[in-house]
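Participant: All the letters of the sequence shown, read from the start, carry residue numbers 16 to 224 under my numbering.
Hints may be right or wrong, so weigh each one.
Here are the simulated distance ranges between beta carbons [claimed, not checked]:
1. P169 x S149: 28 to 34 Å
2. I71 x H218: 31 to 37 Å
3. V108 x H165: 41 to 47 Å
4. N202 x D162: 22 to 28 Å
5. A74 x A167: 46 to 52 Å
6. P169 x T213: 20 to 26 Å
7. Y90 x K70: 18 to 24 Å
8. P220 x A74: 25 to 31 Å
9. I71 x K135: 17 to 23 Å
10. K69 x E95: 25 to 31 Å
11. P220 x K159: 17 to 23 Å
12. L77 x G124: 36 to 42 Å
13. E125 x A73: 16 to 22 Å
14. I101 x D188: 36 to 42 Å
No more than 27 Å apart at the CA atoms, straight line, and that leaves these computed lysine-lysine pairs for DSSO-like [claimed, not checked]:
15. K187 x K83
16. K135 x K80
17. K121 x K70
18. K69 x K80
19. K159 x K83
20. K70 x K83
21. K172 x K159
22. K69 x K187
23. K80 x K159
24. K121 x K83
25. K159 x K135
26. K187 x K121
Since the hints were made in silico from the structure, they are not lab data.
Built from N, CA and C at the ideal position, the CB exists for glycine as well.
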Amino acid sequence: MQKLKKTAVSLSTLGLVAAVTLSGESLVSAQENSNQGIEAQEQDSEELHAGAFKKITAAEALEDKDVKAAMNQVYDLFPETESYEINAYENVVSEENYDKYVIRLKDDGENFFHFAVDAKTGDVSYTIQSLEASEVRSYPNAEKGIDEIHAAHPELKSYEITGVNVVDNFIKDFSRYNITFSDNGSNQSMTFGIDAKTGEIIHSPENNE
16 MQKLKKTAVS LSTLGLVAAV TLSGESLVSA QENSNQGIEA QEQDSEELHA
66 GAFKKITAAE ALEDKDVKAA MNQVYDLFPE TESYEINAYE NVVSEENYDK
116 YVIRLKDDGE NFFHFAVDAK TGDVSYTIQS LEASEVRSYP NAEKGIDEIH
166 AAHPELKSYE ITGVNVVDNF IKDFSRYNIT FSDNGSNQSM TFGIDAKTGE
216 IIHSPENNE
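Model the full assembly from the supplied sequences, consistent with the hints where possible.
Facilitator: Rendered as structure tokens:
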């Protein structure tokens with residue numbers, strides 16, 4: 016089984032104690048193109064709700080040796096997640112080009128760590144995790160991306176960064192920040208995708224009401 020490394024999830028080691036941007040508690044499919052579906056919560060929610068996955072108990076998921084191994088790696092890297100609630104989903108379409116399990120770890124607040132196990136290899140195919148919104152500029156290449164966003168959208172300089180999460184896709188070999196800017200004086204918010212390796216903007220959204 017592929018071993019999760021601190022370097023692979025180095026963005027999260029800077030702080031796994033953040034506001035959740037993924038309010039829908041959903042995931043990005045490992046098979047998706049890195050330039051598509053920036054809104055991770057919408058993508059996998061649609062897939063789950065479409066019947067590709069069924070909810071199972073944590074005990075049932077942990078009977079799978081690959082899930083158990085992946086969980087142990089997550090716990091070793093991030094001991095705080097041992098207290099998180101486990102929500103597990105099993106692939107019911109029985110096709111090898113899908114993730115066979117999706118695991119969502121979440122505390123009773125806004126912190127989470129999600130991962131999926133690839134059906135073919137048994138490796139972790141991707142992770143999605145919350146990051147500390149107030150520390151976003153300290154994350155690798157995030158400041159460059161934020162500066163580019165402010166240059167393209169000067170009005171957002173007065174907005175507050177209210178949510179940050181990072182997607183690490185090990186199959187496609189990419190990492191992406193999803194950063195949400197919110198206007199305290201209204202219900203307006205905008206979520207941007209930033210390439211975590213280069214700081215370049217890879218998604219400029221419409222306003223989210």
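Participant: Next step is simple, just say for each hint if it's right about the structure.
Facilitator: A quick look at each hint next to the structure:
Range check, P169 to S149: Cβ separation about 22 Å, and the 28 to 34 Å hint is violated. For the pair I71 and H218, the supplied restraint of 31 to 37 Å holds, since their beta-carbon distance comes to about 32 Å. For the hinted restraint 41 to 47 Å between V108 and H165, the CB-CB distance of approximately 43 Å keeps it satisfied. Between N202 and D162 the CB atoms are about 26 Å apart, so this pair conforms to the stated range of 22 to 28 Å.
At about 48 Å, the beta-carbon gap between A74 and A167 stays in the expected band of 46 to 52 Å. In this structure the supplied range 20 to 26 Å holds for P169 paired with T213, their Cβ-Cβ distance being about 22 Å. Distance hint check: the CB atoms of Y90 and K70 are about 22 Å apart, consistent with the given range 18 to 24 Å. Distance hint check: the CB atoms of P220 and A74 are about 39 Å apart, inconsistent with the given range 25 to 31 Å.
Distance hint for I71 and K135: a CB-CB separation of about 20 Å, consistent with the stated range 17 to 23 Å. Roughly 28 Å separates the CB atoms of K69 and E95, a value that falls within the hinted 25 to 31 Å. The beta-carbon spacing between P220 and K159, approximately 19 Å, falls within the hinted interval of 17 to 23 Å. About 24 Å separates the C-beta atoms of L77 and G124, a value inconsistent with the hinted range of 36 to 42 Å.
Separated by about 21 Å at the C-beta atoms, E125 and A73 satisfy the suggested range of 16 to 22 Å. Taking the beta carbon of each, I101 and D188 are about 27 Å apart, not inside 36 to 42 Å as hinted. At roughly 23 Å between alpha-carbon atoms, K187 and K83 fall within 27 Å of each other, so this suggested pair holds. A distance of roughly 14 Å separates the Cα atoms of K135 and K80; the hinted pair therefore holds under the 27 Å criterion.
With a C-alpha separation of about 15 Å, the suggested pairing of K121 with K70 holds against the 27 Å cut-off. Straight-line distance between C-alpha atoms of K69 and K80 comes to about 19 Å, which keeps the hinted pair within the 27 Å bound. Proximity of K159 to K83 is assessed by CA-CA distance (about 38 Å); at most 27 Å being required, the pair is judged violated. With a C-alpha separation of about 17 Å, the suggested pair K70 and K83 falls inside the 27 Å cut-off, and the hint holds.
Straight-line distance between C-alpha atoms of K172 and K159 comes to about 14 Å, which keeps the hinted pair within the 27 Å bound. Taking the CA atoms of K69 and K187, the gap is about 25 Å. The hint holds against a cut of 27 Å. Distance restraint check for K80 and K159: the Cα-Cα separation of roughly 40 Å exceeds the 27 Å cut-off, and the hinted pair is therefore not satisfied. The straight-line distance between the Cα atoms of K121 and K83 is roughly 17 Å, inside the 27 Å bound, and the hint therefore holds.
Restraint check for K159 and K135: the C-alpha separation of about 37 Å exceeds 27 Å, so the hint is violated. Annotation: proposed proximity of K187 to K121 holds, straight-line Cα distance about 25 Å (limit 27 Å).
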